[in-house]
Every structure is written in C-alpha cells, then in structure tokens.
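There are 4 protein chains.
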Amino acid sequence: MIRVGIVGYGYWGPNIVRNFSKTKGVIVSAICDLSPQKLNRAQLDYPSISITSDFHTLLNDSTVDAIAIATPVSTHYDLGLAALKAGKHLFLEKPMTETSAQAKHLIEEAEKRNLTLIIDHTFIYTPAVRKIRELIDGGDLGNFYFYDSTRINLGNFQHDVNVIWDLAVHDLSILDYLFQDTPLAISATGAAHVRGQPENAAYITLFFNNNAIAHINVNWLSPIKLRHTLIGGDRKMILYDDIEVTEKVKVYDKGVDIAGDTESIYQILKGYRVGDMWAPHLASTEALSAEIEHFIDCIEKNIQPITNGAMGLRIIQLLEAASTSMLHQGAPVEIKDKD
Amino acid sequence: MIRVGIVGYGYWGPNIVRNFSKTKGVIVSAICDLSPQKLNRAQLDYPSISITSDFHTLLNDSTVDAIAIATPVSTHYDLGLAALKAGKHLFLEKPMTETSAQAKHLIEEAEKRNLTLIIDHTFIYTPAVRKIRELIDGGDLGNFYFYDSTRINLGNFQHDVNVIWDLAVHDLSILDYLFQDTPLAISATGAAHVRGQPENAAYITLFFNNNAIAHINVNWLSPIKLRHTLIGGDRKMILYDDIEVTEKVKVYDKGVDIAGDTESIYQILKGYRVGDMWAPHLASTEALSAEIEHFIDCIEKNIQPITNGAMGLRIIQLLEAASTSMLHQGAPVEIKDKD
Amino acid sequence: MIRVGIVGYGYWGPNIVRNFSKTKGVIVSAICDLSPQKLNRAQLDYPSISITSDFHTLLNDSTVDAIAIATPVSTHYDLGLAALKAGKHLFLEKPMTETSAQAKHLIEEAEKRNLTLIIDHTFIYTPAVRKIRELIDGGDLGNFYFYDSTRINLGNFQHDVNVIWDLAVHDLSILDYLFQDTPLAISATGAAHVRGQPENAAYITLFFNNNAIAHINVNWLSPIKLRHTLIGGDRKMILYDDIEVTEKVKVYDKGVDIAGDTESIYQILKGYRVGDMWAPHLASTEALSAEIEHFIDCIEKNIQPITNGAMGLRIIQLLEAASTSMLHQGAPVEIKDKD
Amino acid sequence: MIRVGIVGYGYWGPNIVRNFSKTKGVIVSAICDLSPQKLNRAQLDYPSISITSDFHTLLNDSTVDAIAIATPVSTHYDLGLAALKAGKHLFLEKPMTETSAQAKHLIEEAEKRNLTLIIDHTFIYTPAVRKIRELIDGGDLGNFYFYDSTRINLGNFQHDVNVIWDLAVHDLSILDYLFQDTPLAISATGAAHVRGQPENAAYITLFFNNNAIAHINVNWLSPIKLRHTLIGGDRKMILYDDIEVTEKVKVYDKGVDIAGDTESIYQILKGYRVGDMWAPHLASTEALSAEIEHFIDCIEKNIQPITNGAMGLRIIQLLEAASTSMLHQGAPVEIKDKD
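Protein chains in written order, with our numbering: chain A, 34 to 372; chain B, 34 to 372; chain C, 34 to 372; chain D, 34 to 372.
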C-alpha cells in the first residue's frame, strides 16, 4: 500500500485527489494547502482524509511514501526538492520547474535517492495520443512531415507564466512522446494584449531533421475554443480534435504521389492521393487515472515513468528557448543542450 | 463602352472572361493564350469573341481600351509593362509581380500615362470582407488585438512560387484593407516536404503598432480544408469562416474586462465577458463581378482603385520580407520601405 | 428549513441529492433505495446523510417535509400517493405516472391536503427553453408554424417503457410550456427492433389549431447523438441545439413573404426573407438547481409550480394517445380529455 | 449516334442539356420550351443547337431518337405519351406522372413499342447511394432496422405539388433502390402554413416486413438546410450526409448486442457495441452524367434501366398513398398494388 500526500487543492488538485483515491493500492493520507478556504473544501469533499496547511507535516510523516504537487510553477522546485530530500517519491505538476537548471537538480536528487519522479504531462496518457503513437510506431504515417496544433479559447489567463508555458506545454509533451526526437531549433512569436501581463497569444515553430516541422498556435483570447492538431506524413495524415466527443482521431489516406529517385535532390509531384478516412474507436479511460496507476507501478517496480524527469526537462528547455525567441520576434534559437 | 482583351485562359481566366462579359458597358474583344488547347476551349465557350495566341495583336489593336492579365506571376511584369506602354488600362492578377522593384516600375508607368491599374486581390470585394471592414470602421471591434488565419487544404501545389505567394497573399491583402496599417516587422517559418519543390507549409507572424499581431498559417498538404480567420479586438471578436455557406461572419461579444488606469503600464484582468453572438446577413454578390465594375468605374472617373498598384506593391514587399525571414528560420525582417 | 427525503439513488437520483444538498433552506435528511449497493454508494458520497432501504421510515418521520421520488415510472403512483397521504410535499420524477387516471388521483390528493406537487420536467428550467419562451412571449416568433425535434442516440434502452415515454416526454413538456396549447390530435408510428422489447424508434406528429404542427423523432439506436429542435413562425425561426456548448439557441430572421389579404383563403408567396442570425447569450445555471429552488419557493408561498400536476397529467395524456396511435400505425387519436 | 430532343429549359433542363451534350455518342438536336425567354437563354448557351417552341417539331423529326422531358409534372403524361407514340425513347423527369394510372399507361406504351423509358431519379446514380447499396449487398449492414431521412431547407415552394412530391420523392426512390422491397403500409402527416398553398412540411413513415421502418422528414420552411439520412442495421449503421463535401457516407460499427435464441420471441439486450467509424472514398462522378450514359446504353442494348417505368410507378403509388394518409392525419394506407 502506497501512502500519498497531496499538495495544492486549487484547479487541478481535486482531480489528483479523486484519482489517487480511487487507485487500488493507494491511500491518500493528507491534503495540504495554504488557503483555509481550499482546505475547508477538501475537508468537505473528503471527510476521511486529514488536512494541513503545513507542508512539513507531510515531509515529516514517515508513513507518507509519495508526494503529489499541484501548486503554481514558481513553487515546484522548492517543494519538489524538499519532498525528494525527505525521501518521498514525487508526482510533479507540469511544467516541471521555472528553469532547466532547477529541473536538472530535481532529476539528480531523485536519481541519487533512487526515488520515482513523474511529471504530470497528462495528455501522454490519453487514449487519443496513445492511439496516434501506435499508428506512428506501426508505420501508418510514414515519414513525418508536419505537426500543426491550434489550442485556443477564452480564459484561464495566468499572471506568472505566459500562454506558452500554460498551453503550448501540452503540444511540446505530445510531440516529444510521439516522435521521440528533439528539435534542432525553435522560433516563437507572440503578443501581450493586456498591459503588464504575460503574452496571451503565441505561435511557435519547431524545426526537426529532414525538413519535418511543428507549429503550435496558443491563445487565451479567442472567441471560440479549438483543440485540433494535424499530423502529416508521406503515407497517411491524422486529424486529432480533442473537442470531438466520439471521433477524436481521424486517419486520412491522403497525400501527394511523388515520382523520381528518392535519392535525387528533385522530386516530381504526380498527383494527389484521396482515399478513405477512418476513425478508430478509443477507450474511455481517464488519462489521469492511467497516469497515476503508471506512477504507482513505477514506484513498485523501480522503473522509469514515461513522463520522467528527463522528459520534463526537455520540455522546460523548449519552453525556455521559445520564450527567448519570442523576446526577439521569432529569431530562431538552437536547441543545443539535448540531454 | 470599354473594350477589353484578356490574356490567360487557364485556371482563373475563364472567371475573368465570364465576369467581364456580363458587365454593362464592357465588350470582351479578344482572348489570348499561348496554348492551342486553351484557346480552343475559349472559342467553344465564347464563339463570338475572337481568339489569338499573339499578345501583340491586343497591344496593336487601338480599339482595345484595357487588358486583363491572368498568367503565371513570372510574366506579370513584362506583359503588364507592355500593356501600359501601349496605353491600355491594366487589370493584373495577384501577386502583382515577382519583385517590389518591378511593382514600383509598373506603378510609375501607369501614373505617367494616367492609366488605371488594378491588382486582382479578389477577397477585398467579397461581401464578407466588406462587412468586416464596415464593423471595424464602425468601432465595433475596438482596438485591434490580433488577426489569426488558417488557410490550408490538399492541393494546388505550385512549382514556381511557395505557399506564401499562393495562399498567404490573400490574408496579406485582407489585413491591408481591414486595418490600413503597415506592419513593423515580419517573421516567417516553413518547410518543403517534396524535395526540390518550394515550401508547401508556412507560418507567418506580422508585428503591428500597439502590440497588435497577425498570424497566417498556410499549407498545401493538409488532409482537411480550412479557411478560418479570427479577429480579436478589445470590444468584439470576429470569426470569418469562408467555408460556411450562410454564416461566414460571426461577431462575438466576448473578451476580457480590464481594470485600472489605461495610462498605467499595468492593467488588471477583472474577468471574462461572454455575451451574444451575431451573424449578419451577407449579400450574395460575386466578388469578381463587383471588382470588375469597380475597375470600369475607376477608368471612367479616372480615380484610384481600392486594390491599386500601391496596395499591390505593399503586398509584394511583405511577401519578399516573409520569404527572407523563412530562409532564416523566422529571424524577423523589418518593413522599412513603407511607401 | 425544509427537510427532504430522497427515494431512488440510480441514474438521476444522485443529481437530485446533489442539488437539494446545495439549495439554501434545505436539509436532505435521508436517502432511500432498495439496492444495498446504491445505498452504500450514497453513504460514501454523503457520509452525513442517513440512509435506509425502508420507504416507511421517511413517511413516518414527522420532521420530513417533502419527498423526492426518482424511481422507475411503475412505482411513481404508489410511492407518490403514500408520500402525499403522509402529508409530504412531493417532487416526482417524469413521466408522472403510468396512466392518466393515476395522475388525476395524485393531483386530487395533493389539492385536498394543500401539498405542493411538482413533476420533474427538468428541461423547462433550462436557460435555453426559458429564453425561447421569452422570445415567443415577446412576439419574436410571430404565429407558430411548426416545432420539429430530433432526439436520438445510441443507448439507454428501457425495458418497461418505450422510447416515447423515455425521450419524447421531454419534447411534449417543452411544447406544453412554450405554446401553452393542447393539441387537437396526435399520430405516432414506431418500431421495436429487439424482439420482445418496447419500441426503440418512434415518430410523433401533433396537430394544433391554425395548421400548427409539431413533430418528434426519438430513437435509442442511432449511431450519432442529435438533440436539435427547429421552431418556425411567420416572423422568425429558431434552432435549439442542446449539444452545442455555447450557442444552443439561434434565432434566424428567415421566412417567406406573403402577399394578399390575410382574410382570404388564398395567399401568394412573394419571396424568401433571409436576414441576420443571432445567438443570445444564455445563463449557465443548472436547470435542476433552478427547479429545486422553485419547488422550495412554491412550498413556502403555497403557490402552484410551473411543472405542476396538471401539466404532468397533460403530458401523460399525450403519451397515452401517442402509444395508442403507434399501435395502429399512425391512425390519429383525438385529444379530448383536456382537463 | 443517338439524337436527342430536350423539352423544358427551366430549373433542371440546362443540367440535362449540358450532360447530354458532353455524352459520347449523343447529339442534342433541339431544345424546346414554351417560354421565349428560356428559349433565348438556351440559344445563348448553345448557339449550335436548334430551338423551338413547338413540341411537335421534335415528334415529327424522324432523326430524333429520344426525347428528354423536364417540364412540370402535370405535363409529364401527355408529353411522354406523345413522345412514345412518335416512337421516341423517353427520359422523363421525376415524379413520373400525376397518377399511377398514367404511369401504368406510359409503361405499357413503352413496352408495346419496345422503347426505353427511364425516370430521372438522379440520386440513384450518385456515388454515395451506389456505395451504400454496395455495403448493403455485401452484408455490412446486416438486417435492415430503420432508414431515417431529414431533407429540409428554406425555399423551392411549389404551387402544384406538395412537399412530399417534391422532396420525399428522392427518399422513396433511394429506399426502393437500396432495399428492393415494397412497404406494407404508409402513414403521413403534414401541414400547409401558407393558406391555399400545398403542404410545405410533411412526415412520412413506411412500414416494411420484419419491423423495418423508414421515416422521411421534408420541409420547405426550415431556417437551416439539412440532408441527412441514418440507416440502421443489426451489424453496422450508416450516416449519409449529402451536405458534407468529402465524407458523405460514414459507416459506424455501432449497435446493440443481443443474447438469446433468435427463434425465441424475446431477446435480451446485453450491451452496446461502439467501434470504429469509416468513411469510404467516393468517386466524384456527376450523377446525371452517369444516368445519361446508362440511358444511352439501355437504348443501344435494349435492356431495362435501373430507374425504369416500373420503379417510377412504385414511387407514384407511394406518393399517392402518402398524400391520402396525410389527408387523414396519419391514418395508415396499405400498399396493395405492388406491381
């Protein structure tokens, strides 16, 4: 039986508590938050779980095996480091930390103590993203051409991080998982429309080997909500629309037919291929539930999680590079530090 | 009565002939094309219009008042210049020329001879774009925040120009018309997925005064066809979806409510405004027909067209800047030469 | 303070408990269900509410002021009658009873004892239906032409009642509320595709005065889920799509223009009117919450609820007539017993 | 070479002329219309085809092999009969005639003279309907449960026939083609909202063997245009949406799983089956072009067309029965005369 303490009962915390609570082999032993109102709400929702406003109670409780942190990003490093130093396995909200230096330190600390560190990149555990990875691994897509994602809506303005750290982080993690490749360079542009607030609209391009390209459009100020991603390959193309209830993933047998020696520097376009469309049935598993089961499994078997610290770090490096590029109106930033 | 000769009977030419033919006060006196097959088709479609494969026949015909050119962009400068030098008013397909130097030369030539020069930026004459301009001029939108356009589909790969010159040109003209403002700088990224062919996917950001931003996503290799543009202001927001049959323009009373002195460098977000949506009825006029009537009117009254040479030149300058930026993975290019 | 006992903790019961629990001035004193599993779940969800499998506990508890019943329709009459006879106000799930005779009896019993009886036709309390009623009352629609509803999906097959009693009941209540008129006659057709089970697909037409007509299409065996209703009048038309998240109600300025003396028996169609579309913003109130507040208010002020017993009875009479017509392949059934 | 004379150059006639003109082995020898304006337009569109306002010119021209009639339905019988009596093959617009007696007479006349008679039920020749028939014939659908079609829009009010004869005729022909089964009975309801004009909204149910059922919803007064048809079987379900540009036919692996001896009168629902969706690629052939080629082929090979007179007659019988039922508010009408 793994005993877990959960820190932060704001927007996402209640989902974490709910899912840990229903996971077999897990006991949620305490919920911690600085806000009396939030603690009060936690108490009403879970009368049998003890509450505390003092994080050290969890650190000092030797029966607590793991700590889950769902607090603002600016606190991730300090709280995470303290948890690891207290010998607790760590479930850490995304983005992992404010800087890649912090992320590296957490990774080292977890390794040194042989503790499991998982970063909560929830999308990686959705049936849709799992199915797309399966299609890519099976060769259905062929060579990767482009990934083009639009993730916009009205709301959830953040005050401490810009829209890239809030929304593009999802696409960066999905890209990392799907293609297992680090981009060569990144270019980002954006704008802040409320004076003194972080950028609320941003556009990011990532350059990969072989002319593959990824583009991410994020916006907190759109009149409509869109969550769609196009993935193009030379064999098939995919539309992943997360707003669709039943047909989130559509696979298109579309593309261009090309003539000529693939070794030549020139290719000739012979025509367009327009075939069937297919929407595979997806399981209705809740992603966070699958992720928490995976976390528990990694603790018990002492194996690396899919969304481990190294992945969390790669995402932070891309977020840093994108922010730097955005400051310079899209000037490209090379991604050097690849591990 | 204005007599018009039309050059080029390929993809767009037949639409130009059809619309000139039905315009009052216009006679289409000849159709010119180098391809015997296309000339033959023109003859079948319009038995009463004379055909020729020799452009000089049109130039030398003193009864011809105006020439319309719908040929590949690489020929625009030579054919257009010859037409102007022969004293003909000029209806020129977009993009205007291959370079801004060529565009400037055509403008000078038209001015010197007091001839009407119109560039065929057809979208400017659509009821949808007209309505949006009306809403902006009426103050409905408020301060301009962002323009975000997605114009993607499978097909129409070009061999001589990249996807920016083919598709983004529409958005650049719409932006120019709607906001009557030249961007300060431009950043563009893109990729060519068929070796030796021009870029088929591109992403462009334009930076305007007051943190206003525009973004354009164009792609010849998308499994689905999208044509949607979001326009955000501080009062209202607009969704312009050109694929919709009856509700192409939707106006949303949505946004953020901001507190604090507008003079201060900080503003505080108080909340989100979510109100009614309204889709104004649009006339069903064909844009090209309205454009041709405007061209004839400009000739007769000796006035400047809305899409005149100066506008055509501004678009070429942006296309050049975008292509330059794309070569440097998004490095921003300032727009200096503003008139 | 009103103390409420809730009977039935199956599909809908938990929503009723949740909404009564959060209503000011209400205490949920007990939850009753025959199933130990469901009682157990209720206990876990609401540790502070007492549970019982014996309905008489609620009847005999003199501190219980009202009883809410969310059990299968076959039990509504017996349980409801017992509750009223025990002097409890009654919140009764729809459809009210299995027969109109039973419904009349419940109404009499409630009247005799001066108890509040509300039928849970939840749709009447949605912001969408409220807004449509407001538009109709304000004259926006003009004369009522037609109501045409499609309410289909895969699932929720019932074993004791056919699809009319399960799904069409919603439209019958909406029609009753919107137009406050009883139909003259009803014709219904349908089919059962699983042998020995009730009809899973049905089509109902209701005839009103002045050629107004309503049509309802319900199906438990559709591959896609649809919930859309068209309402046509001579001035405006409405599309109510309950699946839409933000624009559930659209008002169209569309119709036909008619010439000639409106007193004549002939009218001439002059043309079509195609104007703006408008989607009013709707409040995000939960319908069941508004309904329960209304129920409490009716108890305290001793006034009739909007969805009172008389309305519940009218719906039962239409359900009976529709079922009769369905048995005779659409042969019309007059609605005589109009109260 | 088959020489064809075409009668009627109104709404549909130009499409017929255009398609006959481009069909190999066909010469359009004359266009006939009573309206000088329409004849004038025909002359402008086709300068090389002779025009006439006198139908007898076509009848008396011995070089004319076939006559195509695209005039109002009230003239179909007289014109069609005259054409057959003059020994011409006949391409007749739908609905075939005003009465089944007239339809039978035309069939007899064509048989007697060994002439080809085709009724222009165009939908039967669309790639979408062809594909659905292929899926049904291949057993994909399994046992037929229901067909549920919605065909509504604003416009095309007719003055001589009601909306059933104008719009439902399409679904009746599609049903006939797909299932090759005659219904046992029909029930129809409807209403006329413009006084003195025919019914503009109607709802039809057709009863088939084995509890299979079809339903058709047609309306000339809807604010939105819908063209969707659901087809349910025990193995697969189909959504045919004719407004979709690229994915008109979607095949769903959805349904219910049933237990128990299929010979028993009771079946038990075990659960719902929710699997993949698949949208087969459809050819982009124009239906009318395929139909005309088929007509010419039938003439040359002396074989029966798919949409022959017997099929046209079956549709007329259903239209008559539906109209009769509609007069009696849905009272069912048995379909006796099945051949």
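Just so you know, the hints here were simulated from the structure itself, not pulled from any lab data.
Mixed in with the good hints, there may be bad ones.
Put simply, identical chains are the same to the list, so a pair is met inside one copy or across any two.
[What the hints assert, rightly or not] The calculated PhoX-like cross-link candidates involving lysine-lysine, where the alpha carbons are at most 25 Å apart (straight line), are:
1. K283 to K164
2. K55 to K137
3. K71 to K258
4. K118 to K164
5. K303 to K258
6. K303 to K71
7. K369 to K164
8. K57 to K137
9. K334 to K369
10. K164 to K258
11. K55 to K71
12. K55 to K303
Check your understanding: Given a CA cutoff of 25 Å, do K55 and K137 count as a within-copy pair, a between-copy pair, both, or neither?
Key -> Answer is neither; intra-copy 32 Å and inter-copy 47 Å both fail.
Practice item. If the cutoff is 25 Å on CA atoms, where do K57 and K137 land: within, between, both or neither? Let me know, please. Key: neither (32 Å within a copy, 51 Å between copies)
Check your understanding: Checking K118 and K164: alpha-carbon separation at most 25 Å within a copy, between copies, both or neither?
Key -> neither (37 Å within a copy, 58 Å between copies)
Practice item. If the cutoff is 25 Å on CA atoms, where do K369 and K164 land: within, between, both or neither? Let me know, please. Key: Classified as neither; 31 Å inside a copy, 48 Å across copies.
Review point. Is it within, between, both, or neither for K303 and K71, if the alpha carbons may be no more than 25 Å apart?
Key: Between. Shortest inter-copy distance 21 Å satisfies the 25 Å Cα cut-off; intra-copy 62 Å does not.
Check your understanding: Within a copy, between copies, both or neither: where do K164 and K258 come within 25 Å Cα-Cα?
Key -> Cα proximity of K164 and K258: in one copy and across copies (23 Å, 24 Å).
**Study point:** Intra- versus inter-subunit Cα pairing at 25 Å for K71 with K258
**Key:** Classified as neither; 28 Å inside a copy, 38 Å across copies.
Check your understanding: 25 Å Cα cut-off: does K55 pair with K71 within a copy, between copies, both or neither?
Key -> Answer is both; intra-copy 21 Å and inter-copy 17 Å each pass.
Point to revise | Within, between, both or neither: K55, K303 at alpha-carbon 25 Å | key: Close neither inside one copy (55 Å) nor across copies (27 Å); limit 25 Å.
Exercise for review: Measure nothing new, just compare the shortest in-copy and cross-copy C-alpha distances for K334 and K369 to 25 Å and report within, between, both or neither.
Suggested key: neither (33 Å within a copy, 62 Å between copies)
Exercise for review: With 25 Å as the alpha-carbon cut-off, assign the pair K283 and K164 to within, between, both or neither.
Suggested key: Answer is both; intra-copy 11 Å and inter-copy 20 Å each pass.
Practice item. Give the relationship of K303 and K258 under a CA distance limit of 25 Å: within one copy only, between copies only, both, or neither. Key: Result: close only across copies, 21 Å inter versus 38 Å intra.
Hint check: violations occur at hints 2, 3, 4, 7, 8, 9 and 12; the rest are consistent with the structure.
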